[in-house]
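Participant: What follows is each chain in one-letter form.
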Amino acid sequence: MSLLEVQNLKKYFATQKAVDDISFSVNKGSIFGLLGPNGAGKTTLIRMITGIFYPDEGQILFDGRKFDPINDVVHIGYMPEERGLYKKMKIGEQAVYLAQLKGLKKSEAMAKIKEWFIKFEMQSWWTKKVEDLSKGMSQKLQFVTTVLHEPKLIILDEPFSGLDPVNSNLIKDEIYKLAQRGSTIIFSTHRMEQVEEICDHIVLVNKGQKILDGTVKGVKHQFKENLFSIGFEEVPQALNGNPPYEMVGTKDHQFIVKIKEGFKPADVLNYFLQQGAKIISFNEMLPSLSDIFIKLVEGTPLTRQFLPKETVE
Amino acid sequence: MNKIWLVMKREYVTRVRNKTFLLSTILLPLVMVLFITGAVFFAARPEGKKKIAVIDKKGSLENFLKGDTSKMIFDFNSGADTSNFSQKGFDGLLYAVDSTGQHFLLKTQKAASNETMDRLRDRLSNAYVSGKLLEKNITISQIDSINKASSSYYTVDNTDEKNKNVNSSVNAGIGFASGIIIYITMFIFGAMVMRGVMEEKTTRIAEVIISSVKPFQLMMGKILGIGAVGLTQMLLWIILIFLISTAAFTFLPSDVLEQVKNIQSNPGMMTSNPGQYSAAAKGIANLTNLNWPLIIGCFLFYFLGGYLFYSSLFAAVGSVVNEDPQEAQSLMFPIIMPIIFAFIIMSSNIDKPDSPVMVWASIIPFTSPIVMMGRLASSPPFWQIAVSMLSLVGGFILTTWLAGKIYRTGILLYGKKPSWKEMIKWVRRS
Numbered sequence: 216m217s218l219l220e221v222q223n224l225k226k227y228f229a230t231q232k233a234v235d236d237i238s239f240s241v242n243k244g245s246i247f248g249l250l251g252p253n254g255a256g257k258t259t260l261i262r263m264i265t266g267i268f269y270p271d272e273g274q275i276l277f278d279g280r281k282f283d284p285i286n287d288v289v290h291i292g293y294m295p296e297e298r299g300l301y302k303k304m305k306i307g308e309q310a311v312y313l314a315q316l317k318g319l320k321k322s323e324a325m326a327k328i329k330e331w332f333i334k335f336e337m338q339s340w341w342t343k344k345v346e347d348l349s350k351g352m353s354q355k356l357q358f359v360t361t362v363l364h365e366p367k368l369i370i371l372d373e374p375f376s377g378l379d380p381v382n383s384n385l386i387k388d389e390i391y392k393l394a395q396r397g398s399t400i401i402f403s404t405h406r407m408e409q410v411e412e413i414c415d416h417i418v419l420v421n422k423g424q425k426i427l428d429g430t431v432k433g434v435k436h437q438f439k440e441n442l443f444s445i446g447f448e449e450v451p452q453a454l455n456g457n458p459p460y461e462m463v464g465t466k467d468h469q470f471i472v473k474i475k476e477g478f479k480p481a482d483v484l485n486y487f488l489q490q491g492a493k494i495i496s497f498n499e500m501l502p503s504l505s506d507i508f509i510k511l512v513e514g515t516p517l518t519r520q521f522l523p524k525e526t527v528e
Numbered sequence: 004m005n006k007i008w009l010v011m012k013r014e015y016v017t018r019v020r021n022k023t024f025l026l027s028t029i030l031l032p033l034v035m036v037l038f039i040t041g042a043v044f045f046a047a048r049p050e051g052k053k054k055i056a057v058i059d060k061k062g063s064l065e066n067f068l069k070g071d072t073s074k075m076i077f078d079f080n081s082g083a084d085t086s087n088f089s090q091k092g093f094d095g096l097l098y099a100v101d102s103t104g105q106h107f108l109l110k111t112q113k114a115a116s117n118e119t120m121d122r123l124r125d126r127l128s129n130a131y132v133s134g135k136l137l138e139k140n141i142t143i144s145q146i147d148s149i150n151k152a153s154s155s156y157y158t159v160d161n162t163d164e165k166n167k168n169v170n171s172s173v174n175a176g177i178g179f180a181s182g183i184i185i186y187i188t189m190f191i192f193g194a195m196v197m198r199g200v201m202e203e204k205t206t207r208i209a210e211v212i213i214s215s216v217k218p219f220q221l222m223m224g225k226i227l228g229i230g231a232v233g234l235t236q237m238l239l240w241i242i243l244i245f246l247i248s249t250a251a252f253t254f255l256p257s258d259v260l261e262q263v264k265n266i267q268s269n270p271g272m273m274t275s276n277p278g279q280y281s282a283a284a285k286g287i288a289n290l291t292n293l294n295w296p297l298i299i300g301c302f303l304f305y306f307l308g309g310y311l312f313y314s315s316l317f318a319a320v321g322s323v324v325n326e327d328p329q330e331a332q333s334l335m336f337p338i339i340m341p342i343i344f345a346f347i348i349m350s351s352n353i354d355k356p357d358s359p360v361m362v363w364a365s366i367i368p369f370t371s372p373i374v375m376m377g378r379l380a381s382s383p384p385f386w387q388i389a390v391s392m393l394s395l396v397g398g399f400i401l402t403t404w405l406a407g408k409i410y411r412t413g414i415l416l417y418g419k420k421p422s423w424k425e426m427i428k429w430v431r432r433s
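So the protein sequences, as listed, match chains A and B.
Using the working numbering, you'd call the opening residue of the first sequence number 216 and step up by one each time.
Using the working numbering, you'd call the opening residue of the second sequence number 4 and step up by one each time.
Wrong hints could be hidden among the right ones.
Pairwise CB distance ranges (calculated) [what the hints assert, rightly or not]:
1) B:235 / A:344: 19 to 25 Å
2) A:405 / B:416: 48 to 54 Å
3) B:29 / A:392: 48 to 54 Å
4) A:285 / B:12: 18 to 24 Å
5) A:344 / B:183: 34 to 40 Å
6) A:429 / B:22: 54 to 60 Å
No lab work stands behind these hints: they were computed from the structure.
Cβ coordinates follow ideal geometry from the N, Cα and C atoms, glycine included.
With the rest of the complex left out, here is chain A (with noise of 0.2 Å):
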């Protein structure tokens, strides 16, 4: 059952065709990964999604229905990457100001934004003004008035960014436990380590068009290149034999080499075993998103090129 379904949607602005015809949709309570480099129009999507933007063609589902922006955007929690909060503004007053925004009434807001306080240990910051909170601290803040409302899809725009370790780990865990409680969670990121971490399924976008769509594991074994490395116990000397692999690399105690065509991973533990070499590890390596990311968006050019103006009027 997806939440939300995004159909041949486009957006061209004068300059550029931002959004390029892309579709993908997204199940329910799942963690979605949308990434591409700087500049592919995951911004302009996003902004589409949240009913920021109308789309120039191609439609959107929400929970199963055409999506009406005036009213789904209260089952949307929209973090921006550029953070922004009123500077002069109490924390406290700030945060049941931007429920109240959502739909929530005052005194249901107060109770609400009170246990995520508690939670993140921020009690102390209610009459606090944001311009005496650092980065990280209204990071949190942010993080906390964007899924007050429990608001069934949470849209997420490098919500890492600028935070410690501590901290990434504190909001990293709940969103699992949001997307547990049933949240459907867009994360938009560049940084592939915490993609290959947290998300089920991820769609990849170059140039406003959609270039990848996949689960992680999917995606990785789409691009497997059948590496295998192996550890031994002591580098084996003089083999001989007609090897069912390539040599790719050595290092420490450890091979890495490419399975030959028509081969399976068990020949190539076989022909050590009878060469009688001591292996102590077997592992196959998986490419990490970040190598696909480079593969795919190396060659185009890293950000988009703006079209001649005549093309376009």
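Given chain A, work out where chain B should sit, using these hints.
Facilitator: For chain B alone, kept in the frame of chain A given last:
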């Protein structure tokens, strides 16, 4: 609608709770009262006696200038000349510059005031009349007594159709003052809206808010919230000024108060026998005679109308610029121009409230909030006020609609400042 209310409440509460708001609300009327009393004090201070040496070879002036020594003393036998009159203790030297003896020059160390010159001209023309009368065998003492009686024998006052005593300078003053207040507050509150929008844009909270509120609601909430702040301030000012002037009233001399009461209780007396009242009493009676509910009502209407007309334009400017206040300057120029223009029209035509320029400027919404206030105290026709108000309402609906379109795109746009051409495109799109 509920969301506009929430945004509005936040804008209002954060501003009204601010200490600077309280301070400026209380201080401004005080400063104004101090300023006015100071100005009155200096303007009313009489000039000292002037000692003037006269070289009068024909001897035709001596007899006629000697009489009244209250403001000027003339000395005909000082022996002073152009080089030494100031050493001899004279403020000026009066001497004929041609052979006819009709053209005189007053030589002074510093330029003489207008008041002195007017007085001197009066005295010389009186001297001529007296000279002629003397030729007809009327004695100097008779001439003097006629002169003395003449200044207070006939008096003249002005009254309008409704039999109300009017004093055009008081009316003009009140119109002018309320025009100036609207002019200043339009800048203050317009700039406040602009800075508020810029703050939301530069701190990037706009994107957070706009994911739960429509851009137009955010803009409207801000404009209405700050407008409510302005209205609160105005009402507080009106109350404060009322209190201060009531207090000042009690310090007036009792005979003046008596006269004012007389005039108020019996307005006919004023027209039938005005000579018995002093100028101060007439002035105060004038103030109380004005249609204050109309003036205050119109003042609040034009303040709000003018504010709504211009503030959405200020909001649009705030939405398209980035951190750099310099960028805002060039965009603000076309908005500020009509406001300044309105002020110039009002201040240069305040004494001709029914001239075509004033009538048109008081109807066209770009200038009407300021100019109509300038005309109001001289009771313009009712239909003109109605047309002016209607076109102002229409005007601000139009500017808000226009600004909303620019704001919607501008608030999320970072980087280069858009050109006029691009902004026009935003307005025309969809």
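Participant: Does the Cβ distance between residue 285 of chain A and residue 12 of chain B fall inside 18 to 24 Å?
Facilitator: Roughly 21 Å apart at Cβ, these two residues keep to the hinted range, so it holds.
Participant: The hint says 48 to 54 Å between residue 405 of chain A and residue 416 of chain B; measuring C-beta to C-beta, is that right?
Facilitator: violated, 23 Å
Participant: Has the hinted range 54 to 60 Å been met by the Cβ atoms of residue 429 of chain A and residue 22 of chain B?
Facilitator: holds, 58 Å
Participant: Check the following: the C-beta atoms of residue 29 of chain B and residue 392 of chain A are separated by a distance inside 48 to 54 Å.
Facilitator: Roughly 52 Å apart at Cβ, these two residues keep to the hinted range, so it holds.
Participant: Does the Cβ pair residue 235 of chain B, residue 344 of chain A satisfy 19 to 25 Å?
Facilitator: holds, 24 Å
Participant: The hint says 34 to 40 Å between residue 344 of chain A and residue 183 of chain B; measuring C-beta to C-beta, is that right?
Facilitator: Since residue 344 of chain A and residue 183 of chain B have Cβ atoms about 36 Å apart, the given range 34 to 40 Å holds.
Checked against the numbered hints above, the structure breaks only hint 2 and satisfies the rest.
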